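Asks: The lines below spell out each chain.
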Amino acid sequence: MKQIAWISTLTAVVVLGLVVTGFPAEAHHSSAPFYDGDQEQEIVGTVLRFNFRNPHSFLYIQAENPAGQMVEYEVELGAAVSMSRNGWTRESVSAGDPIRAVGNPSRAEGTFGMCCAELTLPDGSPIQLVRLEVDEAPLGLVTLVPTASAEE
Amino acid sequence: MKDTSGSLLSGPFAYLAPTVVIFALAIGGAPTEVAAQAELAAVPDLVGVWNGGGRVRRVNGPNMPWVPGENFPVLNERALAYQEVFDEAIAPKYDCVPSASPALQYDPYFMEVVQWPDRVLLRYEKDDQLRTVWLDGREPPLNEHTIQGFSVGRYEGDALLVETTHFVFDITGFDDYNGIPSSQLKKVTERYWHEGEELRMTLTVEDPMFLREPASYTTRWLPAPEGYKLNPYLCDAVDARRAVKYMIPEYR
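As they're listed, the protein sequences go chains A and B. Basically the numbering used here = 1-based index in the first sequence + 81. Basically the numbering used here = 1-based index in the second sequence + 142.
Relax, there's no trap hidden among the hints.
Over the 10 Å line for every Cβ pair with chain A, so calculated as not near, a few chain B residues:
1) Asn213
2) Val216
3) Glu226
4) Trp258
5) Pro259
6) Asp260
7) Pro282
8) Asn285
9) Leu303
10) Asp312
11) Glu339
12) Glu355
The calculated label-pair distances, taken between Cβ atoms and stated as ranges, are:
13) B:Leu327 to A:Val125: 50 to 58 Å
14) B:Glu337 to A:Glu123: 43 to 51 Å
15) B:Val380 to A:Glu172: 18 to 26 Å
16) B:Pro186 to A:Glu199: 40 to 48 Å
Simulated from the structure, these hints should not be mistaken for lab results. Computed from a predicted structure; not experimentally measured. Backbone N, C-alpha and C define an ideal beta-carbon position, used for all residues, glycine too.
I would like the entire structure built from these sequences, with the hints used as guidance.
Replies: Structure follows, in structure tokens:
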């Protein structure tokens, strides 16, 4: 009985797959001066590193550019304090992870930045983030409290 | 509100009124003074952590909270000239210079309010900022101008009124999006009150150096999830400026 309750609760609160949109509701600056909102670019590659910081996090992806060369893309994401309320941790993605990003390319010629990206696995399936028990609560507040259904 | 951490009071001034009355009588205070202080017992309880995130209100941007055709400020010639030559690349936020009034209040982050007898503390998750609103009638210190200014306040009816002056000149001091500066003449007034479970605020900014008339917006916060503590922001100046290289520069 106890085991069933624990498993049920764990399933409810710990892991959920999400299609993740970067540069969401925690604006520090407008994306328009830096990124072309009228263009959309898709890259599929490998995570090099993840800076989970404020005012913006950055995800570095090695992927092919439109000319077919392997380059390092710099994907600008939201503020770490806000992303953490949506289930992100600094371990959400790690070096070597395969990843796909679809977003707006940077404006300056010869640069490989991206913002406002939808992040998924290469096949389009969701990245696994920690599901929060309380929406927008920080991860530290996730508690394993048995639900009513788990008690039955 | 759920979170009263950091407050000396379980409800603001819950114990204060009788203390004030006794103290006033002991020193021979006039009945009107006693009555005025006794009103402290009725001050609104604003204590707690409040959610101002993007699911609570529309996220800030060039058209929010200053909406063209509605409450967007009427700029004078000086402000228009500044705006004309403004270069986004030099905006101080890319060096982690914190957001200030009237933009700070609308940044989509959480805020904590602490009410003490002589002050209200407004602590912002964004940029780790702390504003102190003095309730004790003190005067601004001479020759001290800061990015957050000097705030005094009072309770009036069911609301907290805050008036802030003594700002420094700020090249993007009106908001973070429209290249409008603010001067040492900037004056920001805020009124906070409860509307059901919401915390609401109407803010008015005046700055005769750049604005032809005052401009205002009203916004809201919702109670933060139970037990939520503000996270340190610890702005990283390298990451703050990282995306600037993606701009097509206006000046070379």
